[in-house]
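With chain A fixed as given, assemble chain B onto it according to the hints.
Chains A and B supply the protein sequences, listed in that same order. Just so you know, the first sequence maps onto residues 1 to 109 in our numbering. Just so you know, the second sequence maps onto residues 1 to 109 in our numbering.
Treat the hints as calculated values from the structure; they're not laboratory data. Keep in mind the model is a prediction, meaning the values are calculated, not measured. Just so it is clear, CB atoms sit at the ideal spot from N, CA and C, and this is done for glycine as well. Do not take every clue at face value.
Take a look, some chain B residues computed to stay more than 10 Å from chain A by CB distance [stated by the list, open to error]:
#1 R3
#2 R50
#3 S51
Which bits of chain B does chain A cover? Going by a derived footprint, with three or more residues having C-beta under 8 Å, they are [stated by the list, open to error]:
#4 14-23
#5 70-82
Taking CB as the label site, the calculated pair distances span [stated by the list, open to error]:
#6 A/D82 x B/P7: 31 to 37 Å
#7 A/Y4 x B/A43: 39 to 45 Å
#8 B/H6 x A/S54: 34 to 40 Å
#9 A/E85 x B/Q81: 22 to 28 Å
#10 B/G37 x A/P89: 21 to 27 Å
#11 B/T70 x A/S54: 45 to 51 Å
#12 B/R50 x A/I76: 45 to 51 Å
#13 A/S45 x B/P24: 30 to 36 Å
#14 B/T78 x A/S8: 20 to 26 Å
The lines below spell out each chain.
2 protein chains.
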Amino acid sequence: MERYTHPSIDAVETCAVFHALSDPFRLDIVRTLARRGPLNCAALSCDRPRSTMSHHFRVLREAGLVRTATQGTEHINTLRQDELERRFPGLVALILGTTVPPELTETAS
Amino acid sequence: MERYTHPSIDAVETCAVFHALSDPFRLDIVRTLARRGPLNCAALSCDRPRSTMSHHFRVLREAGLVRTATQGTEHINTLRQDELERRFPGLVALILGTTVPPELTETAS
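In isolation and in its complexed conformation, chain A is listed as follows (with noise of 0.2 Å):
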């Protein structure tokens, strides 16, 4: 079973942070996490290579922005929403409020 590691969040670098946001995949990643929760790699994969999806997750999982778990044969990723307020107050907000997703602009007031 692979294992994996994460840094602490407040030994994670800030341009690292933005380093794994500057790709369109891991950003669209980060907020589908955000939206939806917990997700295991083959619900955000879109039918890209594994090695593809191992190097993003690794970059993501780097810059302290998503842990991954192993459950049986799943691996499920976590925003780790609470973490990245502390550290980054607004960068979550920041993520999701640049595109605003249909269903919000459905609802807003």
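Quick look at chain B alone, frame taken from chain A:
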């Protein structure tokens, strides 16, 4: 005299902004402009080669972060702060808040 082009802030991709901020030196330039106001390239270069500076400022301009204007022989760089705040609410605060400058912690209540 060199002329610079700047994208409409609404045409800027979120990923491009994050990419521009993923480099420690570029992030430092943005923080410095946010705290000190418009500055020429010499004040920001820290003795880096001209070609390196040209590259970094081009990335910052293309990401909509910085506007460069020529005044005589000087190239004055300004953070597009109001436009950024409208397009990416919270971004500048996030950039400044991730490492609080000493002068801000001294005056914080």
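Hey, is B/S51 genuinely clear of chain A, shortest beta carbon separation above 10 Å? 21 Å, holds
Confirm or reject the coverage of the segment 14-23 of chain B by chain A under the rule of 3 or more residues with a beta carbon closer than 8 Å to the chain's beta carbons. Satisfied; 8 residues make the cut.
Assertion that chain A covers the segment 70-82 of chain B - criterion: three or more residues, beta-carbon distance below 8 Å: violated (count 0)
Between A/D82 and B/P7, does the beta-carbon spacing fit 31 to 37 Å? Since the Cβ atoms of A/D82 and B/P7 sit about 35 Å apart, the hinted range of 31 to 37 Å holds.
Checking the smallest CB distance to chain A, is B/R3 really beyond 10 Å? 28 Å, holds
Okay, B/T78 versus A/S8 on CB: inside 20 to 26 Å? With Cβ atoms ~36 Å apart, the hint is violated.
Can you let me know if the beta-carbon spacing of A/Y4 and B/A43 is within 39 to 45 Å? About 44 Å separates the Cβ atoms of A/Y4 and B/A43, which means 39 to 45 Å holds.
Assertion that B/R50 lies outside the chain A interface [Cβ separation over 10 Å]: Holds, since 23 Å exceeds 10 Å.
Does 45 to 51 Å hold as the CB distance between B/R50 and A/I76, or does it fail? Once the Cβ atoms are compared, 49 Å apart, the range 45 to 51 Å for A/I76 and B/R50 holds.
Using the Cβ atoms, figure out if B/H6 sits within 34 to 40 Å of A/S54. 38 Å, holds
B/T70 versus A/S54 beta-carbon gap, inside 45 to 51 Å or not: 47 Å, holds
Range first: 21 to 27 Å. Now tell me if the beta carbons of B/G37 and A/P89 are that far apart. 24 Å, holds
Comparing the model with each numbered hint stated earlier shows that hints 5, 14 do not hold.
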